[in-house]
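*Asks:* Order-wise, the sequence lines are chains A and B. Our numbering applies: residue 1 is where the first sequence begins, and numbers increase by one. Our numbering applies: residue 612 is where the second sequence begins, and numbers increase by one.
What the hints contain is simulated information worked out from the structure, not anything from laboratory work. Worth double-checking, as some hints may not be accurate.
Heads up, simulated SDA-like pairs for lysine to any residue below, C-alpha to C-alpha not over 20 Å straight-line [as the list claims (entries may be wrong)]: (1) B:Lys746 <-> A:Thr112; (2) A:Lys497 <-> A:Asp481; (3) B:Lys746 <-> A:Glu101; (4) A:Lys350 <-> A:Phe271; (5) A:Lys351 <-> B:Glu751; (6) A:Lys474 <-> B:Glu658; (7) A:Lys570 <-> A:Leu600; (8) B:Lys684 <-> A:Glu362; (9) A:Lys351 <-> B:Glu757; (10) B:Lys732 <-> A:Gly153; (11) B:Lys746 <-> A:Glu114; (12) B:Lys746 <-> A:Leu600; (13) A:Lys351 <-> B:Asp748; (14) B:Lys746 <-> A:Lys570; (15) A:Lys351 <-> B:Gln756.
All values reported here derive from a predicted model rather than from experimental measurement.
For reference, the chains in residue letters:
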Amino acid sequence: MTEDYTTHEYDVVIIGAGGAGLRAAIEATRQGASVAVICKSMLGKAHTVMAEGGAAAALANKDPRDSWETHFRDTMKGGKYLNDWRMAEIHAKESPDRIRELEQWGAIFDRTPEGLTNQRNFGGHTYPRLAHIGDATGLEMIRTLQERGIHTGMEVYMEYTVRHLFKSDGRVSGCFAYNRVDGSLHVFKAKTTVLATGGITRCWAVCSGSWEYTGEGHALAYWAGAEMGDMEFVQFHPTGMIWPPSVRGILVTEGVRGEGGMLTNSEGERFMFNYVPEMYRDEFADTEAEAMDWVNSIVADETPTARRPPELLTRDVVAKAINSEREAGRASEHGGAYLNISWRPEDQVKKKLPGMYHQFMELAAVDITKEPMEVGPTAHYVMGGVKVDPITQESTIPGLYAAGEAATGLHGANRLGGNSLSDLITFGKRAGQHAAEAAAGMDGYANIDEDEILQVISETLAPLHREGGENPAKVVEDLRDMMQEKVGIIRQGSQLKEALDDLESFRTREATTSPGGTRIYNPGWHQALEIGAMIDISKMCTLAALAREESRGGHTRLDFPTPDYSHWGKINSVITMASSGDMELNHVKYPPIPGHLKELLDADDLHEEEE
Amino acid sequence: MPEDVTFRVFRGEPDEEGVPSGEMVDYTVEMDEGMVVLDVIHRIQAEHAPDLSCRWNCKAGKCGSCSAEVNGKSRLMCMTRMEEIMEETPENTPVVVKPMQAFPLTKDLVTDLQWAYDLNKTIPPLQGPDEMDWKFDQIEADRIQEFRSCIECMLCVNTCHVMREHQLFEEFAGPRFFVRLANLEMHPMDEANRLEMIKDDFGLGYCNITRCCTEVCPAGINITDNAIIPLKERVVTEYYDPIAMIAKKVGLRK
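Full structure from sequences and hints, please.
*Replies:* Here is the structure:
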């Protein structure tokens with residue numbers, strides 16, 4: 001039986017309508033391109049909406065000492081020097097204008113006393129750097145881009161899932177998607193395609209991601225033959241909710257600590273003082289008194305002279321510290337740590353952190369203005385993704401671009417809080433611009449192989465024709481539990497090897513799920529189609545994690561607990577699909593950092609003597 | 612001891628005339644501590660009905676996707692705790708879950724919200740100066756930041772009788788978009804004037820301030836007092852206030 005499908009043609013097709021996708025669409029339409037935005041959810045609901053704390057940019061509105069040079073340095077240091085320094089440089093230089101531009105499009109960030117965009121302190125940032133609106137910065141960003149975007153002429157295909165990228169003569173020439181609402185089938189021909197599909201953290205049982213974070217974007221690029229970098233680096237945010245069970249993983253913004261929130265264990269000890277890594281020793285307070293001095297300056301809106309509290313160390317450090325306290329038997333009541341902001345006056349907590357107040361009050365019946373929160377690590381972000389050209393954001397497959405969480409490079413082994421929202425707008429713009437420029441240089445659309453289309457259609461409809469198999473929800477639940485246990489925050493070789501075997505057994509289960517129902521808005525069918533991507537993404541992460549025999553940033557090995565500066569500290573993993581169809585892992589180096597940028601970094605951190 | 616709960620959920624699709632056609636189906640599942648309504652729906656999907664349609668994204672009250680009518684009230688399923696639902700539901704009676712009634716049905720708990728996206732496009736966007744680094748004070752920001760916290764869940768529109776009873780989707784912008792219009796009109800840097808549209812195209816006059824929208828807003832926006840009434844005052848001053856009209860004629864008002 002042949003199934004009908006509709007064919008569409010656009011200069012630029014953008015997959016994903018979060019911050020990066022919408023920013024790319026705005027730029028591509030500005031260049032005169034015809035643009036389609038294809039998104040799994042409705043417009044304005046993408047995962048970006050969940051971002052809380054802010055967007056990092058060296059505006060220097062709050063502390064005049066800030067500059068792009070310091071932002072560059074902080075980003076590289078936080079990434080443990082596995083970042084693509086070229087992206088870190090572009091990001092530090094361009095993010096301030098990207099933020100200012102948002103304001104012209106309607107964003108209302110909190111103000112300084114002078115009436116400029118206010119900036120908040122966050123982990124790993126030397127100066128207050130995050131433009132924010134309370135703790136709902138992601139909502140502000142997505143709404144602003146949405147409201148700008150709808151007047152640009154972009155066409156939005158809401159509630160469509162892309163299943164496959166087509167290639168013609170080695171170039172990405174379009175994609176196949178199905179409409180989640182009515183089950184109709186669509187082929188999009190495109191001169192260029194931008195992946196702005198976000199992340200993969202739904203592969204873990206405890207995560208802060210929305211349902212969309214099943215990693216299809218990463219998988220689409222991999223299946224099309226693109227190089228995937230740094231997939232072992234997954235950020236476990238130190239503060240997710242842990243109680244009650246149904247809210248486990250929901251994000252508690254780092255802004256709580258930026259506003260003076262203190263972490264304590266079951267013995268009431270502020271344990272973070274015991275976990276300051278050598279590379280940050282000079283920058284953080286030694287005593288509670290000094291930390292309090294810093295907080296008092298922040299509360300009084302003064303430039304602090306004291307050093308920062310250790311709660312504001314980078315996320316990898318804080319997450320592992322909470323984990324270690326638990327291992328040592330000093331966990332909070334439900335197995336995490338206490339985070340306390342209730343020492344600040346009630347009205348200030350409600351003004352600075354309205355979402356957190358609301359979230360804890362309604363979901364956990366905890367009043368954060370009066371009592372501490374309980375928090376623990378939650379899978380939050382993948383540093384790894386599609387390898388891209390730092391200037392154009394083009395992947396290693398011509399015609400395919402990537403931006404935001406779907407791409408890799410900017411964040412190295414660990415992302416600083418606030419750098420993802422600024423990543424979206426900085427590199428979303430670049431991707432949109434270069435994708436449109438490349439499209440303008442092409443005439444006509446490439447031919448797409450009809451057999452390939454029919455093959456994808458058949459695979460897409462297959463779950464609906466199966467009977468008597470498992471409920472896809474059960475397979476997904478087991479996969480997430482397995483990844484949590486074996487490829488979680490602390491990893492070891494034996495478990496990673498087991499995980500690789502387990503993943504193969506999930507393939508067998510995936511192939512036989514039977515959701516039942518029709519093509520009309522059928523979540524079981526949708527979920528059955530997501531599992532294949534989740535398995536491949538999980539395998540990329542596991543494979544790269546097994547190879548990296550050291551601990552660094554978002555990758556910690558119990559069997560190799562320290563960083564290795566001479567070898568692993570200088571190379572990045574790359575995964576591609578071999579011609580056999582097998583997953584292939586290699587390691588490569590970025591070009592050397594030029595002298596004028598190297599001068600900005602802390603010489604001791606670079607361990608050049610260990611070349 | 613884990614407790615069982617029975618949900619009576621609408622299952623169905625529109626018929627050929629677009630009229631919702633379906634039935635209420637009972638599902639019983641086990642409930643864990645701290646669950647919200649959306650957790651129970653997910654458990655029903657996982658254990659009984661994988662094809663039960665329901666929209667959701669963040670499960671943290673930030674995206675506004677999982678709007679529905681639970682026990683007859685418009686709410687976000689992700690922010691409604693089962694504890695609260697069990698208190699209000701009489702014993703041995705199922706919890707009733709239906710899609711939003713003011714919008715066309717897609718299937719089960721999912722409705723068609725295209726109207727909102729089409730309407731939003733007709734609102735003239737912010738027009739401010741070209742120079743970057745806009746200066747305005749927090750006190751000016753405060754007033755509109757309340758409006759910026761809207762998550763577009765459409766529960767206000769679903770509850771508003773102008774929409775729900777009278778279906779004036781063509782003539783009336785509804786509470787959500789008056790919040791958006793108030794945001795633009797009160798923006799300290801905005802230079803556009805949308806009052807004529809607010810009066811004529813968006814039908815502000817249909818609102819008779821019953822405050823139903825404000826009551827259901829999960830973001831806690833005071834829609835009636837802070838958005839709608841100030842817009843009504845502006846329209847009155849511009850078009851119906853004789854003193855203001857004279858003042859305008861003699862150049863005392865712009």
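*Asks:* Check the hint pairing Lys746 of chain B with Glu114 of chain A against an upper bound of 20 Å on the C-alpha distance.
*Replies:* holds, 8 Å
*Asks:* For the pair we were handed, Lys474 of chain A and Glu658 of chain B, check the Cα-Cα distance against 20 Å.
*Replies:* Given that 20 Å is the threshold and the Cα spacing comes to 9 Å, the pair holds.
*Asks:* Could you grab the alpha-carbon distance between Lys497 of chain A and Asp481 of chain A and see if it respects the 20 Å cut-off?
*Replies:* holds, 16 Å
*Asks:* Quickly compare the C-alpha distance for Lys351 of chain A and Glu751 of chain B to 20 Å and report which way the hint goes.
*Replies:* Holds, at about 15 Å.
*Asks:* Decide if the proposed pair is consistent with the structure: Lys746 of chain B and Leu600 of chain A, CA atoms, cutoff 20 Å inclusive.
*Replies:* Violated, because 32 Å separates the two Cα atoms, which is more than 20 Å.
*Asks:* Checking one constraint from the list: CA of Lys351 of chain A to CA of Gln756 of chain B, max 20 Å. Satisfied?
*Replies:* holds, 11 Å
*Asks:* With a cut-off of 20 Å on the C-alpha distance, tell me whether Lys351 of chain A and Asp748 of chain B pass.
*Replies:* Distance ~16 Å between Lys351 of chain A and Asp748 of chain B Cα, so the pair holds.
*Asks:* Is Lys570 of chain A close enough to Leu600 of chain A, meaning Cα to Cα at most 20 Å?
*Replies:* Holds, at roughly 18 Å.
*Asks:* Straight-line Cα separation of Lys746 of chain B and Thr112 of chain A no greater than 20 Å?
*Replies:* holds, 9 Å
*Asks:* Verify the proposed pairing of Lys351 of chain A with Glu757 of chain B, using a straight-line Cα cut of 20 Å.
*Replies:* Holds: Lys351 of chain A and Glu757 of chain B sit about 11 Å apart, inside 20 Å.
*Asks:* Between the alpha carbons of Lys732 of chain B and Gly153 of chain A, is the straight-line distance 20 Å or under?
*Replies:* Between Lys732 of chain B and Gly153 of chain A the Cα gap is close to 10 Å, so the pair holds against 20 Å.
*Asks:* Does the structure keep Lys684 of chain B and Glu362 of chain A at a Cα separation of 20 Å or less?
*Replies:* holds, 17 Å
This entry does not satisfy hints 4, 12 and 14, going by the numbered hints stated previously.
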